[in-house]
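Student: Turn these sequences into a full structure, and let the hints steer you where they fit.
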Amino acid sequence: MNTKLLLSSLAVTLALTGCATTTHYVDQKNDTVAVMGLDYKDFESAASEMVNQMLASPLMVHPKASQGGRYVMAVSNIVNDTTQRIDTDQLTKKIRISLLNSGRFIVTTAIGINGAEDDMTRKSRQLRNSKMVNQKTVKKDGRVIAPDYSLSGKIIQRVNRVNSRTQQVDYYFQLTMTNLDDGLAYWEGEYPIVKRGDNRTVTW
Amino acid sequence: MKTLLITGLLAVVLSGCAVPQATRNYTADLYAGNVPGATENAIQQSDEKDGAPRNLLWALEAGTLLRHNGLFERSTKMLDGAEVLMKEDDTRNLAASGANQGLAVLVNDNVMPYSPAVYDTVMLNTYKALNFWQQGDYDNARVEWNRTDDRQRRAAEHFESEIDKQRDEIKKEQNADLVERSFSDSSGALKAAGVDIEHWAPYTGYVNPASLYLHGLYFLLNGENKADYDKARESLKRAFALTKNSQVKADMDATKRPKKLKPSVWIIFENGLAARKEERRIDLPLFLVSGNVSYTGIALPVMGDGQSAYPYVAVGRQQSQLLADMDTIIRGEFKTKFSGILIREIIRATAKTVVQKQLNDSNPWLGLAAAIAQAATTQADLRGWMSLPQNFQLLNVPYPADQQLVLSFPGGSDVTVDLPEKKQPIVIYVRALNPASQPSIHMLASK
Numbered sequence: 001m002n003t004k005l006l007l008s009s010l011a012v013t014l015a016l017t018g019c020a021t022t023t024h025y026v027d028q029k030n031d032t033v034a035v036m037g038l039d040y041k042d043f044e045s046a047a048s049e050m051v052n053q054m055l056a057s058p059l060m061v062h063p064k065a066s067q068g069g070r071y072v073m074a075v076s077n078i079v080n081d082t083t084q085r086i087d088t089d090q091l092t093k094k095i096r097i098s099l100l101n102s103g104r105f106i107v108t109t110a111i112g113i114n115g116a117e118d119d120m121t122r123k124s125r126q127l128r129n130s131k132m133v134n135q136k137t138v139k140k141d142g143r144v145i146a147p148d149y150s151l152s153g154k155i156i157q158r159v160n161r162v163n164s165r166t167q168q169v170d171y172y173f174q175l176t177m178t179n180l181d182d183g184l185a186y187w188e189g190e191y192p193i194v195k196r197g198d199n200r201t202v203t204w
Numbered sequence: 001m002k003t004l005l006i007t008g009l010l011a012v013v014l015s016g017c018a019v020p021q022a023t024r025n026y027t028a029d030l031y032a033g034n035v036p037g038a039t040e041n042a043i044q045q046s047d048e049k050d051g052a053p054r055n056l057l058w059a060l061e062a063g064t065l066l067r068h069n070g071l072f073e074r075s076t077k078m079l080d081g082a083e084v085l086m087k088e089d090d091t092r093n094l095a096a097s098g099a100n101q102g103l104a105v106l107v108n109d110n111v112m113p114y115s116p117a118v119y120d121t122v123m124l125n126t127y128k129a130l131n132f133w134q135q136g137d138y139d140n141a142r143v144e145w146n147r148t149d150d151r152q153r154r155a156a157e158h159f160e161s162e163i164d165k166q167r168d169e170i171k172k173e174q175n176a177d178l179v180e181r182s183f184s185d186s187s188g189a190l191k192a193a194g195v196d197i198e199h200w201a202p203y204t205g206y207v208n209p210a211s212l213y214l215h216g217l218y219f220l221l222n223g224e225n226k227a228d229y230d231k232a233r234e235s236l237k238r239a240f241a242l243t244k245n246s247q248v249k250a251d252m253d254a255t256k257r258p259k260k261l262k263p264s265v266w267i268i269f270e271n272g273l274a275a276r277k278e279e280r281r282i283d284l285p286l287f288l289v290s291g292n293v294s295y296t297g298i299a300l301p302v303m304g305d306g307q308s309a310y311p312y313v314a315v316g317r318q319q320s321q322l323l324a325d326m327d328t329i330i331r332g333e334f335k336t337k338f339s340g341i342l343i344r345e346i347i348r349a350t351a352k353t354v355v356q357k358q359l360n361d362s363n364p365w366l367g368l369a370a371a372i373a374q375a376a377t378t379q380a381d382l383r384g385w386m387s388l389p390q391n392f393q394l395l396n397v398p399y400p401a402d403q404q405l406v407l408s409f410p411g412g413s414d415v416t417v418d419l420p421e422k423k424q425p426i427v428i429y430v431r432a433l434n435p436a437s438q439p440s441i442h443m444l445a446s447k
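Chains as they are written, first to last, in my numbering: chain P, 1 to 204; chain E, 1 to 447.
Note that these hints are calculated values from the structure, not bench results. The beta-carbon is built from N, C-alpha and C at its ideal position, and this holds for glycine as well. Take every hint as true, because none was put in to throw you off.
Distance condition first, Cα-Cα at most 25 Å in a straight line; then the derived BS3-like pairs of lysine-lysine:
{"no.": "1", "chain 1": "E", "residue 1": "LYS77", "chain 2": "E", "residue 2": "LYS87"}
{"no.": "2", "chain 1": "E", "residue 1": "LYS447", "chain 2": "P", "residue 2": "LYS154"}
{"no.": "3", "chain 1": "P", "residue 1": "LYS195", "chain 2": "P", "residue 2": "LYS29"}
{"no.": "4", "chain 1": "E", "residue 1": "LYS259", "chain 2": "P", "residue 2": "LYS154"}
{"no.": "5", "chain 1": "E", "residue 1": "LYS423", "chain 2": "E", "residue 2": "LYS447"}
{"no.": "6", "chain 1": "E", "residue 1": "LYS422", "chain 2": "E", "residue 2": "LYS259"}
{"no.": "7", "chain 1": "P", "residue 1": "LYS136", "chain 2": "P", "residue 2": "LYS123"}
{"no.": "8", "chain 1": "E", "residue 1": "LYS260", "chain 2": "E", "residue 2": "LYS422"}
{"no.": "9", "chain 1": "E", "residue 1": "LYS165", "chain 2": "E", "residue 2": "LYS87"}
{"no.": "10", "chain 1": "E", "residue 1": "LYS87", "chain 2": "P", "residue 2": "LYS195"}
{"no.": "11", "chain 1": "E", "residue 1": "LYS87", "chain 2": "P", "residue 2": "LYS41"}
{"no.": "12", "chain 1": "E", "residue 1": "LYS256", "chain 2": "P", "residue 2": "LYS154"}
{"no.": "13", "chain 1": "E", "residue 1": "LYS260", "chain 2": "E", "residue 2": "LYS244"}
{"no.": "14", "chain 1": "E", "residue 1": "LYS226", "chain 2": "P", "residue 2": "LYS154"}
{"no.": "15", "chain 1": "E", "residue 1": "LYS337", "chain 2": "E", "residue 2": "LYS165"}
{"no.": "16", "chain 1": "E", "residue 1": "LYS335", "chain 2": "E", "residue 2": "LYS172"}
{"no.": "17", "chain 1": "E", "residue 1": "LYS260", "chain 2": "E", "residue 2": "LYS237"}
{"no.": "18", "chain 1": "E", "residue 1": "LYS226", "chain 2": "E", "residue 2": "LYS447"}
Selected chain E positions facing chain P (in silico; Cβ < 7 Å):
{"no.": "19", "residue": "LYS87"}
{"no.": "20", "residue": "ASP90"}
{"no.": "21", "residue": "THR91"}
{"no.": "22", "residue": "GLU157"}
{"no.": "23", "residue": "SER161"}
Tutor: Below, the structure written as structure tokens:
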């Protein structure tokens, strides 16, 4: 009986070593593969849903919108309070692109919570006394626009056991638009993503 | 075919060796205070390929010692690799592991890949969180603390189902009746051999109070908003319930007014080396065929004692107090696994003895060879994360006016730590493996 066991074990091991996944493109519109962590589909859906909510808010319309008036938005801190090692820029970038395309907002890269996102606005002014540079082309002081709004937020995660085989993970994307004039939150949104899956291992 | 089986058994005897040479060297280096030697050995044994370790247990040892050496980024990379291997262990294909389990029945548990203890998983994320904190990478530290928290939540769930699973293992066996009878009859033989696991009690809920406390302290010192301070309070409350350490209570109270926290120095003392498994050979009566009892030796792992490096660390007349006893955590978890280990050992001894008898009936020489193989392969699985501490201690002292903190180790030399000029809440993390090696001392700044 043990010989049979040994041989069958050997056969199973051999059978399992023969499988490999080949690289292929993913049809992003019809991709139904889900992972317990956060992937591109989650960021895509969270960003588009929250932008729609934001644009539907009457408070988010510039008083001179009909003449091309736009709010200037600075991106503040987005806290990743999950167990996933993610770059929160993945979320904000999609939101920024959609807001810019809506024609209602422009994002400043000269002012940010931890300094400028693109420090070139400041650095280009340091060319003022450079003999090499045509001084007429050096950007003038007093022209950088201060932001009207600040976008901040948080991504949080809750994990619960459904039964011994299944666990449920809830992700909440929470964003706030603060009017920097009065410090009031003019818009707030929350978008939950719920997934159920294998409880044998952790969600990250 | 039977000769093939015997040859196979003999061939895997070596691979199933209870304590390989590399482990013996590592243990000797660790206990003699040769940290560079132990670190190098652990890195080599972690079997890195393309920058990722392939041996879980050695990756844990290497990650811990790299931290001790102040190589935090390298340590995190090693521990990240270990975490990937843990995930693979969690989701290992049952059919594939069935093949290994079949082999384990013929040899011993050492031929199976190392399956991490639950406290291993909690400590892995705790160490990574501390690495990121040390490096001022607060975003990633937060992620690792969240992971630590989730690991602790999973721990309680895991142990609930562990006992049922062990009993189920008997039912699946071909010799189920015989194994059941031997198992039920084992307690007397175990007691006679001095194996008494009844007094090993874990912390309630199988929680590691040190990880819980450090989680709370991190969010107390680095919290960004009310949700963070709530998180800190919850962890410190639970840690206080388990430890009754007065500083934990003070920190818990501080979460109510975190902005008014006075600058002071928290000293976390990670002390000594944790309890290790030792092999105990026991003669157990095995019921082979009804009424026919044969005596066969089984080899069981039992927990030894950990060793502290120093009884405490002191600043002036203030001494550190116990925060968490790692031996309690390790033994508590081992207790839940002990029945499973015993059952597997009885299954293994029964199967081997049945084969031995059958071979002996056909040819006494084959029977003799099988007996030799059985004796040689009867070895306990003694693997475990050795560089974990015996205990964690805690001390909080006022910020010294001259920015110099003098740490005293009883029987060892004093160490002076220069603190930042600007008074702030600061954590000094002290790791002493044993008196033979210098303690490592690192500063964790608050955000």
